[in-house]
Amino acid sequence: MTLGELADALGLRLEGDGAKEIRRVATIQSAGPGELCFLANERYRAHLSASRAGAVILDEGSLSACPVDALVSDNPYADYARAAALLHPPRRPEAGVHPSANIHPDVTVPPTAHVAAGAVIEEGVILGESVVVGAGVYLGHFCQLGGGSVLAPRVVIGAHCRVGRNCVLHPGVVIGADGFGFAPDKQGWVKVPQLGGVQIGDRVEIGANTTVDRGAIEDTIIEDDVKLDNQVQVAHNVQIGARTAIAGCTAIAGSSRIGKGCMIAGGVGIAGHLSIVDGAVVTAMTLVSRSITEPGVYSGSLPMDDSAAWRKNSARFRKLDDLARRVTALERSEKQKGE
Amino acid sequence: MTLGELADALGLRLEGDGAKEIRRVATIQSAGPGELCFLANERYRAHLSASRAGAVILDEGSLSACPVDALVSDNPYADYARAAALLHPPRRPEAGVHPSANIHPDVTVPPTAHVAAGAVIEEGVILGESVVVGAGVYLGHFCQLGGGSVLAPRVVIGAHCRVGRNCVLHPGVVIGADGFGFAPDKQGWVKVPQLGGVQIGDRVEIGANTTVDRGAIEDTIIEDDVKLDNQVQVAHNVQIGARTAIAGCTAIAGSSRIGKGCMIAGGVGIAGHLSIVDGAVVTAMTLVSRSITEPGVYSGSLPMDDSAAWRKNSARFRKLDDLARRVTALERSEKQKGE
Amino acid sequence: MTLGELADALGLRLEGDGAKEIRRVATIQSAGPGELCFLANERYRAHLSASRAGAVILDEGSLSACPVDALVSDNPYADYARAAALLHPPRRPEAGVHPSANIHPDVTVPPTAHVAAGAVIEEGVILGESVVVGAGVYLGHFCQLGGGSVLAPRVVIGAHCRVGRNCVLHPGVVIGADGFGFAPDKQGWVKVPQLGGVQIGDRVEIGANTTVDRGAIEDTIIEDDVKLDNQVQVAHNVQIGARTAIAGCTAIAGSSRIGKGCMIAGGVGIAGHLSIVDGAVVTAMTLVSRSITEPGVYSGSLPMDDSAAWRKNSARFRKLDDLARRVTALERSEKQKGE
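Chains as they are written, first to last, in this note's numbering: chain A, 1 to 339; chain B, 1 to 339; chain C, 1 to 339.
Next up, chain A with everything else stripped away, as it sits in the complex:
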């Protein structure tokens, strides 16, 4: 594509040579002629003045410091993402069913769908147009996969679960395993049948080896445009509101409700049966042990220190209540003297 074509396609102002050919994207540190990069993070601003890129996507304020052609954007990162998709269109596999796929005879595979080697599709499954069912994927009885959705190799979707349109599920994702429900009894644990399903909205992306359990009675729900990173754990009957993004290795215990548009960092733990308001932000490795009722930023993980200092401080922590009482005693004593 030419830079002019890119500018038109993205609706961006071009500062420079519209006829210049752009072949691919690159980082701002490495981009050379014919390559497009972007500047969105202050951390990388120092690289701008030395850039030899074919063009840079940047905001108005950075334009004067840019030594090469530029596309001016209110949101350089999002426009970079769009440009990269134009320059590097994802290759969808061709439509068709691999002969080694095992598909229940009653299932209708749309002619636009791709079903790869070794996929297993059980009775009653409903497949949308243009879906991609990767190698070795398992689709349980009566589950549904909306049009345009892509299941990478080795995804497992349990019976009666529904995945919306234009979703992407990465390898090893498991949707609809039983929730962790056991009732204690004199004889030991009694398994609580997990009878609900999982409902996943449209444009949801789910990272590698993430697990989403089916509900105990009603469904586990993931709304439209939710983005889950790798190795996230979503327990039974959790609800995740639209557009919420959750980073890797975060775990959400049963029946908790996360609002819309939340940003949950990695390694977070969210206890069960609580609510998080729309738009909340939780920083890495925080334990969310109570509901969050006001939007804002929440934290709960201590900053690392060198181990010698850490040991001294954490030993004091074990006597913090005692320390606080000692301070109160000092204050009282001083107050008495003052009287």
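No wet-lab data here; the hints were simulated from the structure.
No copy is singled out in the list; a pair is fine if it fits within one copy or between any two copies.
Here are the simulated lysine-lysine pairs, DSS-like style, with alpha carbons at most 27 angstroms apart:
(1) 319 - 335
(2) 191 - 20
(3) 260 - 191
(4) 186 - 260
(5) 312 - 335
Given chain A's structure and the hints, the job is docking chains B and C onto it.
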């Protein structure tokens, strides 16, 4: 089933119309006529008075507040679990071997077993009666699967590992990968051969994408009735005592021994080479860095706060030892004045 | 093997009967005649005097306390590892391609390679000599697998990723899923195409269900001799230096660079866009929220306590800034009195 049949099957006292038909379970908030719900969690008591359920399983103390028919139980949650299993019997797949399964010719598949599409069963594997080997499961050389056990799709069990009777392993579980054993040496890491196996007892349930490593020399052991949630990591030579339940994303380092009947919450880390006494309870995201020798409840994760307050407090934490010394100095000074 | 042959093969001094036959390894607690054990951990020293082992690998200092034959080593654990590999040579599956494997017709499978049942190998894949491609493995377009590498069942390697020589990837590993890249925009999230690959060096071992994402523009890089335990998460564009070992359930956010020869314990979180110097050690469940520029040991997780004490101390933590101010006030007041 009728309500009377349910009461008989569960051995519960019926208060109401034994001829009423019950078709399914539901939550206490949503249950209507023909539906059975339960009340076991104080959180949901407020919904009881407005219930339109066909019947409610509840304890004696809640009976007077119940506006509809009831089954009276000492343990409503466990009896609900039993009732749900009666009303919604799990569908076992039919016995038989899918033609695309790859089974070593010397392996005997019991006629009551189900082996699904794409499963791979290596030489020397021993399968119990009525086992279910899901789609794409891999059973390594000489491993054993006890009668009635169910392996969901994509489970991997390594060579020489043993799974007991009536276990359930959810999708993506990996049993018997090599433990993480490397000896540092001048030339770098020397791999320590992982020669032990994994022994799993009866009625063990293991959640999606959980991993249990084989032992270095002797076996990793998971006793009867242990319940592991999703994405739990069990390192080599760990022992987990009977009936212990471990929630999602908890990790147990090598050679630690967890007692019987423990409850370990999610996101917990248990260091290596330590022991936890029978009946211990560990709350979410705690680091268990020393042995637990007395039953009780143990914690180690700070409660979340808004980030502004958090930052101030955690900055002080980095000087906590200094703060404690300053308090000691004040006390000394006051004591001197008092003398 | 005889003890003398073992001593020769390992280059160790033999104290005892070189003609004695050694059949297998065992732990120091259980080893009997014909079995070889080792002593490398002080924790197990008490078992030495009662040992009935065929022989013990130990250091010079322990020799006088050893009641049985011994091999004297500067590094008993590494020499035990070598001895165990000699006594229990790993069984490589025979060369050959299972008829149920699906291999693109243009791919050349070396005659020394093993490709197991249900493996899928896409167009352009390059396989080294003597590789093992386990059951149900998926190798995406144009990815490369170096000579001698072993992929356990159900490993997934995405398109254009490269794995070096003599690597071992355990079941459920996912290499080259898309990094977690989404740009916020008025209309919601815009997916940032993940166009980089993953480059993995030689002799890398990767534990079960670990995930390593492809880079956004450039590659995610794991250098030679890195060892990753189970359920580790490596985000896009991370770089991990040679010989670094990372224990289970640790997560590394995007673009962070970890030096060579680091030891990262389990459950650690490493924030994005930071650097860790060569040789750093991080203890379990630490949040690495800033770069580490000096070698040393770093910690960030509080020691567990019983919950009653914990609750009192952690409640005080929420007022720690206030407590520190109160101490400062007391100090000021005392200073004024002193004047």
